[in-house]
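Assemble chain L onto chain G, guided by the hints.
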Amino acid sequence: MRNIFLLFLLVAGCGSNQSDALTVFSASSLTDVAPALLAQSDQAGTLVFGGSNHLAVQIADGAPADVLLTADLSLLSLDAETHHALAFAQNHLVLAVPIGNPSHLTGPKDLARPELAIAICAKEVPCGKATLDLNYPIAVDTYETSVRSVATKLAMGEVDLGVVYATDTQAQPSIETLWPLEATCPCVTYHAIALTEQGVPFVKSLGKEKAQALLASYGFSQP
Amino acid sequence: MKRFMVSVAGLTVALLALPLVGLLQRMPWSSLGNPLTNHGTLEALKVSLTVSLLATIMVFLLGTPLAWAIARVSVPGRRFIRALIMLPMVLPPVVGGTALLFALGRQGLVGQWLNQWFGITLPFTLAGAVVAAIFVALPFYVIAVEGALQSAGQHLEDLEDMAGTLGASPWNVLRRITYPQVLPAMGAGLALAWARALGEFGATITFAGNLPGRTQTLPLATFLALENNPEEALVLSLILLVASLGVLIGLRDRWMPSS
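Chains as they are written, first to last, in my numbering: chain G, -12 to 210; chain L, 905 to 1163.
Take these hints with a grain of salt, some might be off.
What the hints assert, rightly or not - Taking lysine to aspartate or glutamate pairs in the EDC-like style, the calculated list, with each CA pair at most 16 Å apart, reads:
| id | chain 1 | residue 1 | chain 2 | residue 2 |
| --- | --- | --- | --- | --- |
| 1 | G | K197 | G | D29 |
| 2 | G | K116 | L | E1131 |
| 3 | G | K110 | G | E163 |
| 4 | G | K191 | G | D29 |
| 5 | G | K110 | L | E1131 |
| 6 | G | K116 | G | D59 |
Unchecked claim - What follows is a list of derived Cβ distance ranges for each label pair:
| id | chain 1 | residue 1 | chain 2 | residue 2 | range |
| --- | --- | --- | --- | --- | --- |
| 7 | G | G87 | L | A918 | 52 to 62 Å |
| 8 | L | M993 | G | N88 | 50 to 60 Å |
| 9 | G | A50 | L | L949 | 47 to 57 Å |
| 10 | G | P124 | L | N938 | 51 to 61 Å |
Please keep in mind that the hints were generated in silico from the structure rather than gathered at the bench. Since we're looking at a predicted model, the values are computed, not measured. Using N, Cα and C, we set each Cβ at its ideal position, and we do this for glycine too.
One chain only, chain G, in its complex shape (with noise of 0.2 Å):
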């Protein structure tokens, strides 16, 4: 009985936060950069990766996080001065096709046509909120979840046509972005935000010209 009421107390024990190391929240858009920005700060960390609705939802609910990435700040009710609020990056919705426009699209007209296969976000999560500011007539085939699974099933060849951020038109080489060329709004502006003391560092370094860099380079533009 006492074994048992020890492992308990173990398992238990996993739960808990290490002090030392920092623990950041972040959008699941920023997935592929997040560890470089990690890195740049010279602060060892874990990283919990999430939609930003959840995030919020865990950090309320008490969650351990000493600083939050976010592509929504208006989901936190906090001071926004006081937990050092940076807008740090912004990223904004493109038209993307797969590797080559097989189907030999040339812009938001084609958002109209029944005959394509087309994947959007679902108006749940942030990405599809910002696709519904976009204000065109759309034949949706799919509402997906993440706009890391329109992504996907832009890469398979599945759509032929999806809504997503420019930075996943980068980071996945079997898409490309078909319209605006140009970084322009609706957009998505990441905020991060310092939720302890110990992730305040963190947070300054992001609106250094080291980390603007990095983010540059991973198709982000500046807020």
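This is chain L only, laid out in the frame that chain G set:
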């Protein structure tokens, strides 16, 4: 010893019951009707019923000969075939959906020919959702029927032989002797398969996508509702919970061995 076993058992039951209690305790009982009359909920319910019933019919048509064959015909590698049939029961459904996409997707192994020769595309269609449901539900039926054939064993085969020697044709033997013996297992298998098809999520969202009115089933609607309308998600969960419990309670009385 007994006290220890019983107390751990009690804890385990509590662990299983706790999430259900949590769900019921937050249920908006007074406004239960709102999401239920919601157009989106009704649409998801309709898609779910259509998909799960079509899948159950297909499971019956495809699974019955399969169960008979693996119970009665000894072919080399029968154990491997049985493992293959059971695989979807333990495979994460998302993996199943991905595999279906690579096999039957527009660019898939077989899917590209379906597309080229017959103009059939399965992803993002109701038929695709049915295929995903068949994939995960089939083993529940096949295992139930095969098990019944096995446990009826030699006795049943003797009866079949007897009927044969008395002049009954093989199809007649199947219909008059074999089926009545395994009918309860077929019913139980179909009910379990239907419940599994109704609850299918991972393979559906991966392979069939998510479009209200076409491929958005109740579990998909529940998952998305959780993002911004937890109350609706709770009510949708209740529908699925009641359906699953209904199947299990129905099975307990008629088909499950009672102690």
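Each hint tested on the structure:
Taking the CA atoms of K197/G and D29/G, the gap is about 12 Å. The hint holds against a cut of 16 Å. Under the criterion of a C-alpha separation no larger than 16 Å, the hint pairing K116/G with E1131/L is consistent with the structure, at around 12 Å. A hinted pair counts as satisfied when its Cα atoms are at most 16 Å apart, and K110/G with E163/G does not qualify at roughly 23 Å. For the given pair, K191/G sits about 13 Å from D29/G by alpha-carbon distance, which is consistent with the 16 Å threshold.
Between K110/G and E1131/L, the direct Cα distance comes to roughly 10 Å. Compliance with the 16 Å bound is thereby established for this hinted pair. For the proposed pair K116/G and D59/G, the alpha carbon gap of about 11 Å is at most 16 Å, so the pair holds. Checked against the hint of 52 to 62 Å, the C-beta distance between G87/G and A918/L comes to roughly 57 Å, which is consistent with it. About 42 Å separates the C-beta atoms of M993/L and N88/G, a value inconsistent with the hinted range of 50 to 60 Å.
As the Cβ distance of A50/G to L949/L is approximately 34 Å, the hint placing it in 47 to 57 Å is violated. At roughly 30 Å, the beta-carbon separation of P124/G and N938/L lies outside the given 51 to 61 Å, and the hint is violated.
Comparing the model with each earlier hint shows violations of hints 3, 8, 9 and 10; every other hint is respected.
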